[in-house]
Amino acid sequence: MTAVMDADTRDSEMINLLVAGVDDAFPALVRAFEDGVFSGLLRMVGNRADAEDLAQETFTRAYRSLRDFPPERIRALRIRGWLWTIAVNLARNRARTTSRKPPPLELTVPPVASALGPEDAALITEAEREWHRRLAALRPAQRTAVVLRHVVGLSYEEIAEATERPSGTVKADVHRGLAGLRAILDEEER
Amino acid sequence: MMDTVIEGLEALGTTAPHSLMPSVLAATGLADGYVRVPGPSGDLFVAFSPDGVSWIAPAGNGAEFEAAFRHHVGRDIVPVATFPPKWQRSLDRALQTGRLGSLPVDLRSVSPFQAEVLRAITAIPPGEVRPYAWVARQVGRPGAVRAVGTAMAKNPVPVVVPCHRVIRSDGTVGNYAYGPEMKRALLTAEGLDVTEMEAEAVAGHRLTGSDTTHIYCYPSCHHARRVTDKHRVWFHDAAQASAAGYRPCKRCLPLEAAA
Chain A
1 MTAVMDADTR
11 DSEMINLLVA
21 GVDDAFPALV
31 RAFEDGVFSG
41 LLRMVGNRAD
51 AEDLAQETFT
61 RAYRSLRDFP
71 PERIRALRIR
81 GWLWTIAVNL
91 ARNRARTTSR
101 KPPPLELTVP
111 PVASALGPED
121 AALITEAERE
131 WHRRLAALRP
141 AQRTAVVLRH
151 VVGLSYEEIA
161 EATERPSGTV
171 KADVHRGLAG
181 LRAILDEEER
Chain B
191 MMDTVIEGLE
201 ALGTTAPHSL
211 MPSVLAATGL
221 ADGYVRVPGP
231 SGDLFVAFSP
241 DGVSWIAPAG
251 NGAEFEAAFR
261 HHVGRDIVPV
271 ATFPPKWQRS
281 LDRALQTGRL
291 GSLPVDLRSV
301 SPFQAEVLRA
311 ITAIPPGEVR
321 PYAWVARQVG
331 RPGAVRAVGT
341 AMAKNPVPVV
351 VPCHRVIRSD
361 GTVGNYAYGP
371 EMKRALLTAE
381 GLDVTEMEAE
391 AVAGHRLTGS
401 DTTHIYCYPS
411 CHHARRVTDK
421 HRVWFHDAAQ
431 ASAAGYRPCK
441 RCLPLEAAA
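Protein chains in written order, with the numbering used here: chain A, 1 to 190; chain B, 191 to 449.
Take these hints with a grain of salt, some might be off.
Just so you have them, the derived chain B footprint on chain A, three or more residues with Cβ under 8 angstroms [claimed, not checked]:
#, stretch
1, 17 to 27
2, 31 to 45
3, 48 to 55
4, 59 to 69
5, 82 to 96
6, 174 to 186
None of these hints come from the bench; they were simulated from the model. From the three backbone atoms N, C-alpha and C, an ideal C-beta is built for every residue, glycine too.
Using the sequences provided together with the hints, build the complete structure.
Structure representation (structure tokens):
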């Protein structure tokens, strides 16, 4: 419950800043939500390069929309649910266009040190890779719902907004997704 | 068992890469982005806005580059991992060929007149040079030689907009925002023998022609460089050339003597 209230407080503060001036407030919005957006996308698509690319596109589109929104539209926003509407759509489209191509090679050694330093080396641990495999085995709607609920921490209402589905359906998707993961884990332990 | 699943999922939260924020700021235009790329004479920092390449400087200290950019352009700037893919080919080509080609440049940081001057000098071919006064005439302001000099000094995108190809009317290389040595290096990399050009200029040889065609050129003009020593003649100025019965080259368009 506290997590939800924190999110609401953060939302209303952010909205006040955005109404005062999108350009000044936007970097703070990115800072507040980038970890959640990146984490969720990473677990949905399974590799860091695509996740970063989709996260960048999500925030870029969000910025363009905010620039065009009248203040009353900004005041009515639930930021996380709205951001994830954009992200879920982009991830879905990406999955459609890349389904015929092989997945990009995931780096297991740090790439040549970039100008930004070695901390961004696209390392994925073996445990993460296992989870990506398990999540990839779920139906897309269940995978999205499970990741948004339990990796990102969205409420069912926020997930309903993000996926444009009724919250009852979202709840069922989360439960079925969790049951599916549990079955996969059971299978692995045999 | 269900707790294991949920715990496993909750542990999958991670932090965004450090490169995400800069790339978002650059993509939205809230800040320009910049990358380090190999140039014709040493590495360059190349900054870009959503409108095109906005600032270029020899690669050195990143913080100093960013400070200079903020001071001169008045926008924020962040280092990014990649140049916009849609312009990458154009940038590579511009740096390889010395011609701006299809590379978009963002000249909002200079005045409209300065932008016009900078557009005009992109017509100077690689390996050739023209005097400041020539540029002034090309933009229809023959008296604005000093203003042309100022526009060169304020060129936000040197190398790709070739202000290094604009020299003094006496035929010497003259100043450059990043020092005359860089100007010489860029011209040398394009195949111009700068030392020889300056030696001729000091000897009063500012224009050259062929006694078979009776056409005079700037010494670096592609046509002038094909003239054999046997047929080459030198002039100090356009008045001397026209008095000798020579006409100006239609390619390098040397300034004509005042009527």
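These are the hints, each one checked on the structure:
no. : hint       : verdict
1   : 17 to 27   : holds (count 3)
2   : 31 to 45   : holds (count 9)
3   : 48 to 55   : holds (count 3)
4   : 59 to 69   : holds (count 4)
5   : 82 to 96   : violated (count 0)
6   : 174 to 186 : holds (count 5)
Hint 5 from the list above is the single one not met by this structure.
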